[in-house]
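Asks: Each chain, letter by letter, is given below.
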Amino acid sequence: GDSVTQTEGLVTLTKGLPVMLNCTYQTTYSPFLFWYVQHLNEAPKLLLKSSTDNKRTEHQGFYATLHKSSSSFHLQKSSVQLSDSALYFCALSTSGGNYKPTFGKGTSLVVHP
Amino acid sequence: EAAVTQSPRSKVAVTGGKVTLSCHQTNNHDYMYWYRQDTGHGLRLIHYSYVADSTEKGDIPDGYKASRPSQENFSLILELASLSQTAVYFCASGTGVNYAEQFFGPGTRLTVL
Numbered sequence: 722g723d724s725v726t727q728t729e730g731l732v733t734l735t736k737g738l739p740v741m742l743n744c745t746y747q748t749t750y751s752p753f754l755f756w757y758v759q760h761l762n763e764a765p766k767l768l769l770k771s772s773t774d775n776k777r778t779e780h781q782g783f784y785a786t787l788h789k790s791s792s793s794f795h796l797q798k799s800s801v802q803l804s805d806s807a808l809y810f811c812a813l814s815t816s817g818g819n820y821k822p823t824f825g826k827g828t829s830l831v832v833h834p
Numbered sequence: 156e157a158a159v160t161q162s163p164r165s166k167v168a169v170t171g172g173k174v175t176l177s178c179h180q181t182n183n184h185d186y187m188y189w190y191r192q193d194t195g196h197g198l199r200l201i202h203y204s205y206v207a208d209s210t211e212k213g214d215i216p217d218g219y220k221a222s223r224p225s226q227e228n229f230s231l232i233l234e235l236a237s238l239s240q241t242a243v244y245f246c247a248s249g250t251g252v253n254y255a256e257q258f259f260g261p262g263t264r265l266t267v268l
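The listed protein sequences correspond, in order, to chains A and B.
The first sequence lines up with residues 722 to 834 when you count with our numbering.
The second sequence lines up with residues 156 to 268 when you count with our numbering.
Be a bit skeptical, because a hint or two may be false.
The calculated DSSO-like cross-link candidates involving lysine-lysine, where the alpha carbons are at most 27 Å apart (straight line), are [unchecked claim]:
no.: 1; chain 1: A; residue 1: 770; chain 2: B; residue 2: 212
no.: 2; chain 1: B; residue 1: 166; chain 2: A; residue 2: 826
no.: 3; chain 1: A; residue 1: 766; chain 2: B; residue 2: 173
no.: 4; chain 1: A; residue 1: 826; chain 2: A; residue 2: 766
no.: 5; chain 1: A; residue 1: 776; chain 2: A; residue 2: 798
no.: 6; chain 1: A; residue 1: 789; chain 2: A; residue 2: 766
no.: 7; chain 1: A; residue 1: 766; chain 2: B; residue 2: 220
Please keep in mind that the hints were generated in silico from the structure rather than gathered at the bench.
Can you make the complete structure from the sequences, with help from the hints?
Replies: Put into structure tokens, the structure is as follows:
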């Protein structure tokens with residue numbers, strides 16, 4: 722079946738440093754990849770999405786590129802802010818037609834002053 | 156404005172009691188989902204539906220039932236609430252092949268005593 726792997730459970734950084742949160746996936750169908758951000762006591766919100774191979778997508782200073790050759794969709798930011806502290810989820814839907822999304826377990830990003 | 160709303164926003168229930176969580180969406184989306192989130196952890200899919208009057212089991216359906224009487228409404232029912240079902244419950248809607256592009260409700264915080 723489909724799967725999404727986020728290798729880091731917790732990432733702790735100092736403000737102003739770059740960050741990369743890893744996301745890899747497995748599917749035999751055409752993939753659609755998403756990143757969600759969830760701040761404390763809030764609902765998850767869509768941050769980025771892509772289904773186009775090797776095309777960078779950007780939003781709110783975050784960016785990611787879908788690489789089908791390596792089945793990856795890593796989330797990056799060049800300079801993290803205190804407000805970026807949140808839980809980040811990678812998610813997958815496919816052309817397989819089962820309507821059941823696959824979410825990664827999430828990565829908690831903590832940014833220190 | 157398109158939205159997903161949930162009621163109640165918080166609830167305290169007694170062990171063995173019946174709990175019904177309601178979700179309403181105005182996104183005109185075909186698919187609706189119920190997730191559970193335990194503190195600091197990821198989203199786990201309980202039940203989902205891709206058409207009215209039909210529901211599907213997700214990854215953790217035991218102890219939960221779901222009902223989709225219309226495209227707009229999706230309920231989660233705990234017939235016999237247990238302590239282990241204390242969590243935050245999110246409803247979401249999605250559509251098309253991008254069904255993992257989901258719009259989440261604000262969540263319901265359920266405490267079972």
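Asks: What hints, given by number in increasing order, does this structure fail?
Replies: Hint 3 alone not satisfied by this model.
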